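A.B. asks: The lines below spell out each chain.
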Amino acid sequence: MNELVFKYLLRISDSGLILAQRISAWTGHGPFLEEDLALTNIALDLFGRSRSLLDYAGNLEGKGRSEDELAFFRNERHYYNHLICEQPNGDYAQTMLRQAFVDAFELLLYTELSKSKDQTLAAIAAKSVKEITYHKRHSFSWVKRFGNGTQESFTRLQNAFHELWPYTGDMFEPIEGETDLVKNGFVPDLQKIKTDWEKIIKDLLEECNIRLPENVYMHSGSAKALHTEHLGFILAEMQSLPRAYPEAKW
Amino acid sequence: MSTIDFEAIFEAKLANNEFIEPKDWMPENYRKHLIRQVSQHAHSEIVGMLPEGNWISRAPSLRAKLVLLAKVQDEGGHGLYLYTAAESLGVSRDEMLEALHTGKAKYSSIFNYPTLTWADIGAIGWLVDGAAIMNQVMLQRSSYGPYSRAMVRICKEESFHQRQGYEIMTRMAFGTPDQKEMAQDALNRWWYPSLMMFGPPDAESPNSENALKWRIKRESNDHLRQRFVDQTVVQAEYLNISIPDKNLKWNESKKGYDFSPPNWEEFKNVVKGNGICNKERLEARNKAHNEGAWVREAAAAYAKKQNQLSTAA
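Keeping their order, the protein sequence lines are chains A and B. This note's numbering puts the first sequence at residues 1 to 250. This note's numbering puts the second sequence at residues 1001 to 1313.
Think of the hints as simulated: they come from the structure by calculation, not from any bench. Bear in mind that the values here come from a model prediction, so they are computed numbers and not experimental data. Mixed in with the good hints, there may be bad ones.
[Claimed, not checked] In silico BS3-like cross-links for lysine-lysine, where the CA-CA straight-line distance does not exceed 25 Å:
no.: 1; chain 1: B; residue 1: K1013; chain 2: A; residue 2: K144
no.: 2; chain 1: A; residue 1: K7; chain 2: A; residue 2: K192
no.: 3; chain 1: B; residue 1: K1023; chain 2: B; residue 2: K1304
no.: 4; chain 1: B; residue 1: K1104; chain 2: B; residue 2: K1304
no.: 5; chain 1: B; residue 1: K1305; chain 2: A; residue 2: K136
no.: 6; chain 1: A; residue 1: K144; chain 2: B; residue 2: K1180
no.: 7; chain 1: A; residue 1: K249; chain 2: B; residue 2: K1180
no.: 8; chain 1: B; residue 1: K1305; chain 2: B; residue 2: K1106
no.: 9; chain 1: A; residue 1: K144; chain 2: A; residue 2: K7
no.: 10; chain 1: B; residue 1: K1023; chain 2: B; residue 2: K1268
no.: 11; chain 1: B; residue 1: K1023; chain 2: B; residue 2: K1013
no.: 12; chain 1: A; residue 1: K136; chain 2: A; residue 2: K63
no.: 13; chain 1: A; residue 1: K7; chain 2: A; residue 2: K202
no.: 14; chain 1: B; residue 1: K1106; chain 2: B; residue 2: K1304
no.: 15; chain 1: A; residue 1: K194; chain 2: A; residue 2: K136
no.: 16; chain 1: A; residue 1: K202; chain 2: B; residue 2: K1106
no.: 17; chain 1: A; residue 1: K7; chain 2: A; residue 2: K127
no.: 18; chain 1: B; residue 1: K1304; chain 2: A; residue 2: K136
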């Protein structure tokens, strides 16, 4: 069971880590100073959460791997983050819509995880729920502003929607053996979360005059560590120093 | 009351070490000097986010990444207080940003130097923030109230940053031979630019005289530079790395170190825009601002519509 929990922990920690790596690229480059600070806060929360999860994953695995070894010495085929997290920042509409899709998903997921039979996971999740509640308020309010702001912001939101929507299905793909974790009360059933998520997102997008398309082909693969080409570049950059100087302590 | 009386009140406040507040009368030159200094300081904070931001994606551990991200965020926060302090003098943030983006306003030249290795992130915290603190500690007692109060908070955070930078330097200097080499190389490259941060020698500092008279500044450039050198030499000794100055020598009679001056020609050139990163820094600021325009417009349009809705209801 530990091996399965380990892999599940990687799935959720990697998603936070890769999304944080993406959004922290806005630090110093945001559309205005206050927003720069807000987005950096969100990146800080996500990195912090991933640290706790990776640290716990390393303990469970029992091979002595630290959070940093797990973050910096695994390659693309051992990363389990959701595909949507590795998609490019694009413009601010794309960054915020990606964030809204993920925040809505995470709020549902972590609320359930805070009731997990695994007490450590439950404790990390309970802390995260407070943070995600704020993230979601932030991203949802931007999506609404873009949907109802100017013609340009609406067009940009719509383009972002077409870009990102096919990657949303991947968030609901379970890892192999996840049903056992669900049965044992460790993690929630993603199908249930999916129903709630779709309703929340449908309401949000309706407020923005964007109608959900039917029968869109959904990409998947991240549950088996199969990614888009973007992840390789993210990891190459993120892991460059520890890989170049494996003996060094930072 | 005549103007002369206002001036007398202003002078009396300065003489009594009282603060000048936004609604107080102040001489036009005092206001102008402060707007220039405080906005330049604010610009330095936000341009200063760029060289360090350059390493966020490559920070070598998750802890290092969090620390760096939080630090860069603090700098954005400092920019925010300082723009607000400057606004209290009757200039808008848009006007200040316009001056930055068109190259009319200056920012600290140190940020036109590149961050080439991870040790540079340590050296910036240790030396650049260290030099900034020397300058800023005295600004906590500056005569303009809002500036002085902003500096109290900024100084607290800056001294934390300096410790973070020194922590990185310690890990590098006591690390593997590669890390030690990076630490020495970073000190070699950042030493003289850090000395330049105190501004030109007193004899050639055009803005110093008034600033000292008005208590906007309280110590001279050369005096602060000397104190910085004296403090930093011991810290470099602890790290067992060498300050790149053959003339560095303890002078018993002045109870301080003798040291070589930085290359002031280089300083003038970097101020003029010829530093290796000047163009890139300004382009990055302009790009963020220009590409953010539609975001700000959308937010304003949305807020207006919401207001109309609530008025109608």
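A.B. asks: Evaluate each hint against the coordinates.
C.D. replies: Consistency of the hints with the structure:
The hinted pair formed by K1013/B and K144/A fails the criterion: a straight-line CA distance of about 51 Å is larger than 25 Å. Under the criterion of a C-alpha separation no larger than 25 Å, the hint pairing K7/A with K192/A is consistent with the structure, at around 21 Å. This hinted pair does not check out: K1023/B and K1304/B have alpha carbons roughly 31 Å apart, beyond 25 Å. Taking the CA atoms of K1104/B and K1304/B, the gap is about 33 Å. The hint is violated against a cut of 25 Å.
A hinted pair counts as satisfied when its Cα atoms are at most 25 Å apart, and K1305/B with K136/A qualifies at roughly 22 Å. Our distance criterion of 25 Å between C-alpha atoms is broken by K144/A and K1180/B, whose separation comes to about 51 Å. This hinted pair checks out: K249/A and K1180/B have alpha carbons roughly 12 Å apart, not beyond 25 Å. A distance of roughly 38 Å separates the Cα atoms of K1305/B and K1106/B; the hinted pair therefore is violated under the 25 Å criterion.
For the suggested pair K144/A and K7/A, the alpha carbons sit about 36 Å apart, so the restraint of at most 25 Å is broken. In summary, the hint linking K1023/B to K1268/B is not supported, as the alpha carbons are separated by about 37 Å, beyond the 25 Å threshold. For the given pair, K1023/B sits about 14 Å from K1013/B by alpha-carbon distance, which is consistent with the 25 Å threshold. Annotation: proposed proximity of K136/A to K63/A is violated, straight-line Cα distance about 36 Å (limit 25 Å).
Taken as a hint, the K7/A and K202/A pair is broken in the structure, with Cα atoms around 31 Å apart against an allowance of 25 Å. Between K1106/B and K1304/B the alpha-carbon distance is near 35 Å, which puts this suggested pair outside the 25 Å criterion. Taking the CA atoms of K194/A and K136/A, the gap is about 17 Å. The hint holds against a cut of 25 Å. This hinted pair does not check out: K202/A and K1106/B have alpha carbons roughly 48 Å apart, beyond 25 Å.
For a cut-off of 25 Å, the pair hint linking K7/A to K127/A stands: about 21 Å separates their Cα positions. The straight-line distance between the Cα atoms of K1304/B and K136/A is roughly 23 Å, inside the 25 Å bound, and the hint therefore holds.
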